[in-house]
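As given, the protein sequences belong to chains A and B, one line each in that order. Each position in the first sequence, counted from 1, maps to that position plus 42 in the numbering used here. Each position in the second sequence, counted from 1, maps to that position plus 41 in the numbering used here.
Bear in mind the hints are in silico, worked out from the structure with no lab data behind them. Hints are supplied without guarantee of correctness; some may be wrong.
[Unchecked claim] Under the rule of at most 20 Å between Cα atoms (straight-line distance), these lysine to any residue pairs were calculated in the SDA-like manner:
no.: 1; chain 1: A; residue 1: K54; chain 2: B; residue 2: E280
no.: 2; chain 1: B; residue 1: K358; chain 2: A; residue 2: T400
no.: 3; chain 1: A; residue 1: K163; chain 2: B; residue 2: M224
no.: 4; chain 1: A; residue 1: K163; chain 2: B; residue 2: G225
no.: 5; chain 1: A; residue 1: K54; chain 2: B; residue 2: N352
no.: 6; chain 1: A; residue 1: K55; chain 2: B; residue 2: M224
no.: 7; chain 1: B; residue 1: K358; chain 2: A; residue 2: K347
no.: 8; chain 1: B; residue 1: K358; chain 2: A; residue 2: R90
no.: 9; chain 1: A; residue 1: K347; chain 2: A; residue 2: E141
[Claimed, not checked] From the structure, some residues in chain B lie toward chain A, with a derived Cβ separation under 7 Å:
no.: 10; residue: Y227
no.: 11; residue: E246
no.: 12; residue: I249
no.: 13; residue: R250
no.: 14; residue: T353
no.: 15; residue: I355
no.: 16; residue: G356
no.: 17; residue: G357
no.: 18; residue: R359
no.: 19; residue: V363
Bear in mind that the values here come from a model prediction, so they are computed numbers and not experimental data. Don't be surprised by glycine CBs; every beta carbon is placed ideally from N, CA and C.
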Amino acid sequence: MTDISHKISQIKKWLAAYDGPDISIMEVCGSHTAAISKYGISGMLSERLHLISGPGCPVCVTPTGYIDRLIELSMEEHTTVVTFGDLIRVPGRKKSLAEAKGEGANVEMVYSPMDILRLAKEQPLQRFVFAAVGFETTAPVYAVLLEQLVAEQVSNVQLLTALKTMPPVIGWLCEHGSGIDGFLAPGHVAAVTGSDLFEPLAKQYHVPFGVAGFGAEELLLAVYGTFRAVEQYRENDVLPGVKNYYPSVVCTQGNQKAKELVDTYFEPSDALWRGIGVIADSGRKLRAEYARFDAGSELLMEDHKKNQACRCDQVLMGRALPGDCPLFGTACTPMNPQGACMVSEEGSCHQYLMYHRTR
Amino acid sequence: MKQEKKITMAHGSGGRATSDLIREIFAREFTNPVLDAMEDAAVVPGSGKIAFTTDSFVVEPLEFPGGDIGRLSVCGTVNDLLMRGAVPKYLTCGFVLQEGLDLELLQRIVASLAATAREAGVAVVAGDTKVVEGNGGLIINTAGVGFVPENVCISAANCQVGDVILVSGHLGDHHAAILSRRMGIYNTIESDCAPLGEMVGALLEAGIRVHCLRDITRGGLGTVLKELAEASQVTMAIEEEFLPIDAQVRDFCGLMGLDPLYMGNEGKLVAFVAPEDADRACEILSGCVYGKHAAVIGTVTDEEPGSAYVNTAIGGKRVLDVLFGEGLPRIC
């Protein structure tokens, strides 16, 4: 047996046999929720260890007011709304962009924001509004797009932004007592920001952060390491910090160039999180000098549930499991989603239903 | 400059342009005594148990690495016949041509369809052409007839507890090739689009006790296993580390947030065979032109009828359900 496989087998034994006080760790990132399901990691844990899915799926935290505005824009003359795949099915207050498209609205799906440049050049008289949602990971891509728009003097593209940042929402979760003892920090975000981003949170709230990758073994190592860090803090008062389990991609300082580019075009702003509310400085908006690229993002402060029984808000905050929602798997399915968490393949509800997860 | 020739509404008028099109493109490529008679219906010999199926094909782009819509239209229908243990014999083709379709492209696709039909041992005995308004697209419908040998009983409801599960090669190639092409991502992934007659024929000829066959198309292996588990009321248990997946496809899926277990093929099958015959079946599949990477991937159990799961390489257990939605690439 190789060193690593020996280590993995030891880790699996510990995770299955743990019988100390309950420990709950939140995986903030939707891709981690998906990977945990895919590798069957949640089923490898003792009943005392809990992995809780968090608010890190960008489409899941986008408020209904934003979706409704996109739909309005898509109905306007000479305007096309351009979006990534999974946002198209997120329900607004009454319908989704996909439903609007079925009724004749102008909605285009793209795989890369750069596709919008091609569209804009092909149809110079049409206005293209790009649905710019996402976290620190996606923001640099929008910044690159803006750089191109400026350089090539393309004036028929605008962004409707609902960009979010991770630290404020994690701080909010720590302060609002969701009973979370530690965090699996999103590896993709940390690749851009650097792992240092989470240091102040670890110090302030005394919770460990494990920056995790997405391969089976590296993810398992991070899960184990973060559970152990909570245990060490409880038993030996070892102050928690940030540990990087994804060193092949993540460094302490992150991608300087990407960060600078994002800062060139965007500045911090308050942001509305679906089901949670406004969190100060948890978003990004276009800087005043680039306001001409904004399709009216700042006025979108409405958030309504499509179905009052939907518990997406509680799920996003780690206060309920998807299975606790009365609509889960019955009135709410991926084919007929009532809440955003059922739409994206990385949404908690979608994951729990697809993989028959109960914990 | 040479004028590119395109399909116009005149090609669908039923007049001179229509008959020229049929004669110069379709009849020439598909020629055989039954079709050449140009009767209103094909009258063909055959007796015994008949297998009969139809499928329509819509794919963008029309030509893709490893195949085109013509090859796909033969493989899809022929493979469905084969999955019931039938020997495919006859095919009909309906072409819905959109205005503006490039004639040279149509010619290539028809030639490819004809060549694939010859490879699969089926004759195109009837056809139809319509022209509709549009942007140069093409939709093809094929229907196929085959004959099932008396002693063959292969069915989705026939998987037996103890059966060994085999797949005939790499998962997800077709889906990954099409998506890469659509998204302008450079790689050398090719569609696996192929007729499966050689493999099915070889298994049956060697006397392998085949209980069920299914071609792995839309929805991928995950969806197929769940559907068959329900149809046969058994449990499908597979091992992640045994799954044959091409390295490029694996990386592409990783990049796009897609799962090879839910990616479609167009030239792969999953076979359920009696355990004593499993090794021989794998050897036979591996010896076929389109079965080089065949592998045993799991077994049928009676743990929880109607369910399917995969033991992950890291030692977890993951339940497989049918694919929900379209498998859209994620945002981050």
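Verification of the supplied hints:
no.	hint	result
1	A/K54 <-> B/E280	18 Å, holds
2	B/K358 <-> A/T400	13 Å, holds
3	A/K163 <-> B/M224	18 Å, holds
4	A/K163 <-> B/G225	18 Å, holds
5	A/K54 <-> B/N352	15 Å, holds
6	A/K55 <-> B/M224	43 Å, violated
7	B/K358 <-> A/K347	35 Å, violated
8	B/K358 <-> A/R90	19 Å, holds
9	A/K347 <-> A/E141	17 Å, holds
10	Y227	14 Å, violated
11	E246	39 Å, violated
12	I249	32 Å, violated
13	R250	32 Å, violated
14	T353	5 Å, holds
15	I355	4 Å, holds
16	G356	6 Å, holds
17	G357	2 Å, holds
18	R359	4 Å, holds
19	V363	9 Å, violated
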